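Participant: The primary structure of each chain is shown beneath.
There are 2 protein chains.
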Amino acid sequence: MDVPLTLAALGEDALVERLVGLLPVAGGAVVEGPGDDCAIVEGASSGDWSLLKADAVVEGVHFVPGENMARVGWKALCRAISDVAAMGGLPLHALVSVTAAPETPWTQLRDLYRGLAKAARTYEVAVVGGETTHSNGPLVCSVFLTGRVEPGRCVRRSGGRPGDVLLVTGRLGGSFQSGHHLDFKPRLAEARWLTAHFLPTAMMDLSDGLSKDGPRLARASGCGLELELEALPRRRGCSVEAACADGEDFEMLLAVCPDRVEGLLADWKRAFPRVPLTRVGRLLEAGEGLRPRATFNLRGYDHFQ
Amino acid sequence: MDVPLTLAALGEDALVERLVGLLPVAGGAVVEGPGDDCAIVEGASSGDWSLLKADAVVEGVHFVPGENMARVGWKALCRAISDVAAMGGLPLHALVSVTAAPETPWTQLRDLYRGLAKAARTYEVAVVGGETTHSNGPLVCSVFLTGRVEPGRCVRRSGGRPGDVLLVTGRLGGSFQSGHHLDFKPRLAEARWLTAHFLPTAMMDLSDGLSKDGPRLARASGCGLELELEALPRRRGCSVEAACADGEDFEMLLAVCPDRVEGLLADWKRAFPRVPLTRVGRLLEAGEGLRPRATFNLRGYDHFQ
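From first to last, the protein sequence lines stand for chains L and H.
Just so it is clear: in the first sequence, position 62 is 62 by the numbering used here, and no numbers are missing.
Just so it is clear: in the second sequence, position 88 is 88 by the numbering used here, and no numbers are missing.
Bound conformation, chain L alone (with noise of 0.2 Å):
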């Protein structure tokens, strides 16, 4: 008898690869539709496009049991609030949807409101609805984002060129045990800053660490990639493996054209003088595949593996 495919033999990636594959996306004014940081659709009146986003965090997964409720909820809406930065966006409008079970004391969904407030209110999302429903499993909270971007500053993953320099903001590594995860501020001021000034081929955020969104932004641009492992910015304590597989990092990471480098990172450094902007590889020819200069394998988070 055959073995059923699980979602663990079949991988995070292949999964949604396959899921994609049999939804319609196509029509109804779609400028992009899934497979970059946010998905992209026509309509605001000033001629800005919309932006749309679906993130959940989940006890036990991306928080653990017990944790302080409020720094769950900021982290929720700033995951996602991570997601529209790194398409060149600016945040409008959340709505939350809850899932907890009947016995769950009312102070814990208290304090998670509270820090999805305070993350509304640091960022001016207007938090318009959402919904709770019970369930006997753990505490799910699924956000939903709308953002807008002005069509000639939105950033997708895809527009990467062979050649083009790859940076990152911030540092990497050790996030879930640090507790950064739960209090990281979006790259919002920085990419908007990008974007006005240097306008990055490619854009995304780290969520599964670098080893495996280096390699999701290299594909959506149709090129290979060369990581320089050694040069990772790291958070203190980290290896070089745990900044480049651990996740949770919420950085953006960026392409840009490699005569405009040099330029960037000088007035990034007058912009931001307190994050680091990083040079960590480029990409190259599709035919040249991914190149880690390191001597260990490369992995990342993967949410069913």
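Treat the hints as calculated values from the structure; they're not laboratory data.
It is possible that some hints are incorrect.
If chains are identical, the list can't say which one is meant, so a pair holds when it fits in one copy or spans any two.
Pairs of lysine to aspartate or glutamate, DMTMM-like flavour, derived with a Cα cap of 25 Å [what the hints assert, rightly or not]:
hint : residue 1 : residue 2
1    : Lys-212   : Asp-183
2    : Lys-269   : Glu-42
3    : Lys-118   : Glu-17
4    : Lys-212   : Asp-2
Treat the numbers as computed from the prediction; the structure is a model and nothing was measured.
Start from chain L and add chain H according to the hints.
Facilitator: Same frame as chain L, now just chain H:
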């Protein structure tokens, strides 16, 4: 020692009221925040308003484990479409967020997405993105749906006036037992016809049972409520109490100015000869409270009790 207040002790409506009170819901061109079937925001280039809805189905709550997942997918999207219909709108774009255990067979998610895709094609919705996350709890499928509505055809829960007649489409009760909840057709065409010809003063979709949702519409409109429970259009084999309290009907409950009711009923019969439209009560002055004309207690579905 104080016993902690649980979600079950609080109940769904009180929980939602408390949570909404914590959130920044204004700003950003918000026309209507939490509390109606959908949120309303400004922004579409045509001058239309945008509708935003989040809705989840949970294994063990909205469908039994082992259920045909294609039917679950149909339900997951159609629930949200029903909410857009209840505002008088048309659905546009959906995101789907699924949380599933790693050992879930691939075919379950495939079938879920086939059902989502069938509903999306039927009602011309583009599924533009989403995400998959693992958990060790029940399968959760959250749907985020956008829609649009002409401001002059938008119907809220809050527009009802004392004296307005309440009507429901279709038949009520036994939806879960009969399987209707898995293959119902959202009343999109019917609601659009209503807003074109007999703009209701208030409308909502019935998901938690008329005995729970009727008072919600009355409260939102600042009215009292009289329900003629014996007149309820019941699904075959259902008691009055079941028709009133079972929930998952996804029929429209609407309020109409009394002098337009006769004309509406006559025209409706020609437009939708196979769908009953039945008078089930009326709105009262606020001071008159709730008057069920029946001998049993009103109850309905509560997610936490």
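Participant: Checking against the hints above, which ones are violated?
Facilitator: 2, 4
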